[in-house]
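Given the sequences, and given the hints that come with them, work out the whole structure.
2 protein chains.
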Amino acid sequence: MASPSSTSSLKTAYPWIKLPLITSAPMRLISNAALATTVSLAHGIGFIGAGSDISSLSEELSKARDLLSTSPTLQTKYNDTLPIGIGFLLWGAPLTETLTILSKPENTPAAVWLFAPQTSSQLKEWSQGIRTVTSQKTKIWIQVTSVHEALEATKTASPDVLVIQGTDAGGHGAAQGAGITSLVPETIDAVTSLCNNNPSIPLPAFIATGGISDGRAIASALALGAQGTCLGTRFLAAHESAIAPGYRNAVIAISDGGRTTIRSSVYDTLRGTTSWPSGYGGRGVLNASFRDHQAGMADEDNKRLYEEAVASGGDEGWEGERARLTTYAGTGVGLVKRVESARDITVGLRGEAKGVLRRLADLASTM
Amino acid sequence: MASPSSTSSLKTAYPWIKLPLITSAPMRLISNAALATTVSLAHGIGFIGAGSDISSLSEELSKARDLLSTSPTLQTKYNDTLPIGIGFLLWGAPLTETLTILSKPENTPAAVWLFAPQTSSQLKEWSQGIRTVTSQKTKIWIQVTSVHEALEATKTASPDVLVIQGTDAGGHGAAQGAGITSLVPETIDAVTSLCNNNPSIPLPAFIATGGISDGRAIASALALGAQGTCLGTRFLAAHESAIAPGYRNAVIAISDGGRTTIRSSVYDTLRGTTSWPSGYGGRGVLNASFRDHQAGMADEDNKRLYEEAVASGGDEGWEGERARLTTYAGTGVGLVKRVESARDITVGLRGEAKGVLRRLADLASTM
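These protein sequences, in sequence, are chains A and B.
Going by our numbering, the letters in the first sequence line up with residues 66 to 432, in that order.
Going by our numbering, the letters in the second sequence line up with residues 66 to 432, in that order.
Hints are computed from structural coordinates only; laboratory data are not their basis.
Because the structure is a prediction, the values reported are computed rather than measured.
You may find that some hints are simply not true.
A pair holds if it fits inside one copy or across any two, identical chains being indistinguishable in the list.
Derived lysine to aspartate or glutamate pairs resembling EDC-like cross-links, with alpha carbons at most 20 Å apart [stated by the list, open to error]:
#	residue 1	residue 2
1	Lys-83	Asp-427
2	Lys-189	Glu-373
3	Lys-189	Glu-171
4	Lys-189	Asp-145
5	Lys-368	Asp-333
6	Lys-402	Glu-384
7	Lys-76	Asp-427
Written as structure tokens, this is what we have:
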């Protein structure tokens, strides 16, 4: 199986994309067919966030086919696949049922994105299973949060793409980690060395994610050696994403994400998503729930207050000193200033990034 | 006073530099005259780390003058200043005595770097005092760790340079923060907007620091909008730095900094440097002291074990499961592979970064 090892080979694997490659993260519950297909129709790669629950996946894929079929510019199929991806959380998603869905030719996605296995053998089982049922048409993307994980995943599953997630990312990631500034170059060096020393392991492509919210950060990721980028928080503000209005308003309003967001497991405790393997935490806006947790409030009391806030509905639960609802967001949240269509976000980011690359080219010519 | 607001104006303010600008951080106890002058002689800007204690500053400046005077290529003085900088920790360094030293014409540095004030009025007092005693020859650099701090510092002290420190940095920084990927662009936007709306506040230049260990990261910082970069951890491995051999060996040996380092206040507790204002922590290699602290060991017991490790001397205190000595380092520590002269580091990084910029220029031409 050919593995995209350079930027140009990404275009071979995903023929509809324009460079620099922008992908939208498979955010659980939020990244639906509308968001994923709009990003792909704008010549990025959109991912549906199946997460740990595939009960609505067939329906989302049906919606995705409908949305893609209306496009005059994009073919419904490239390389016999739908031009979108699907993200799975391996600690919860059921492999057998997933393979049944993916094995139907009309469902075959261009890529799957695997994250958070309970054991590294799960990475192997999922990769092999999906490659088998899709006759290797579906590319395997694996999200990693450290150099160690990247080496393990590459040895175990020979991914087509490694998504290197820095700790600035919103939502779930390693409880402790580095930003992409150091993580991306060190990971690329280590994985490249591994593959050079083991010719049976093809060199994956590298996608950077975590803290990327604008064209400057996209260009910076390319400087770090990544061949493409993935954004989550920026797409929270897309019209198409499935997100409560209060949550979306909070994303627009909040700035200075290093001060206003924090990575913690408390939000999982409140929401009852407690099946994550150890070593993960979710970055969200620092709110009353977190402060009470820090101050020693018992989880059951904190959870009761959280559930009261959910039950009271309305948007006041998301913002301000007394906010209790979970606003997962990365440190780049302060660069998200308005609600736009995912198409405008994707096209706009690509234009911004190209502008930055041209500025750097001018700068280089003076040095 | 002219303020460098573009990359080319950095060359006006610091005429000996070559681009892209590489500076070495004023690491307390480590960044001495030898390190600072070697970086400047290699056409970067080296900073002496006076920190909170200026008792040896006059002696270090005397050494710096001697080292600079031996250079056939660099003048001892540019714009009537020594072509180096000095870093101060405002919570501890005495202003009056510092001004006495800096007011001597032979001591006037090209730049001072101010960090960690107890109150923001300290930033104003130090900036005004130094500008007055050096007849505005010494440029004011202020290190900030958030958008909020950047706006406050700019309003308060009109710095010539803002050093924007991401949380990947080694040693002290904000206990909670963002990496440069999001922090640098958001800070530049916010400060630029502030200065545009207040013509009396000159736009500072922006230097990125935190997690930058190689030429890829330097180029990425320029993509983010910074006009120059600062590296600390990489210069720990310089022959010239004042660092214990065991510490330096650990820096070379350790990889995967997101997993192996952590930002904490425990290292300050152990070392007795407890005068830092609240809200700061030091990133260092995760060791037995940290694990014992996390497991609930009383500070006095932990400190006793630390002091025993110091007293026992030798290099075994720095590495391995039982290491107790503090190895401050950023997440970029895994990209530091060998001990070199600060000259080779500086020249090598500049060459690497230019290579990355040329690669990006080629890439841009294909898009």
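Hint-by-hint comparison with the structure:
1. In this assembly of identical chains, the alpha carbons of Lys-83 and Asp-427 lie at most 20 Å apart only when taken from different copies (16 Å versus 23 Å within one copy).
2. Proximity of Lys-189 and Glu-373 under a CA criterion of 20 Å is satisfied in neither setting, with 42 Å inside one chain copy and 47 Å between copies.
3. For the homomeric pair Lys-189 and Glu-171, neither the shortest alpha-carbon distance inside one copy (24 Å) nor that between copies (66 Å) is at most 20 Å.
4. For the identical chains of this complex, Lys-189 and Asp-145 are neighbours neither inside a copy (24 Å) nor across copies (65 Å), given an alpha-carbon limit of 20 Å.
5. Only within a single protomer do Lys-368 and Asp-333 lie at most 20 Å apart by alpha-carbon distance; the minimum there is 10 Å, versus 35 Å between protomers.
6. Taking CA atoms no more than 20 Å apart as the test, Lys-402 paired with Glu-384 passes inside one copy only; the shortest distance there is 16 Å, against 46 Å between copies.
7. For the homomeric pair Lys-76 and Asp-427, the shortest alpha-carbon distance between copies (17 Å) is at most 20 Å, but the shortest distance inside one copy (26 Å) is not.
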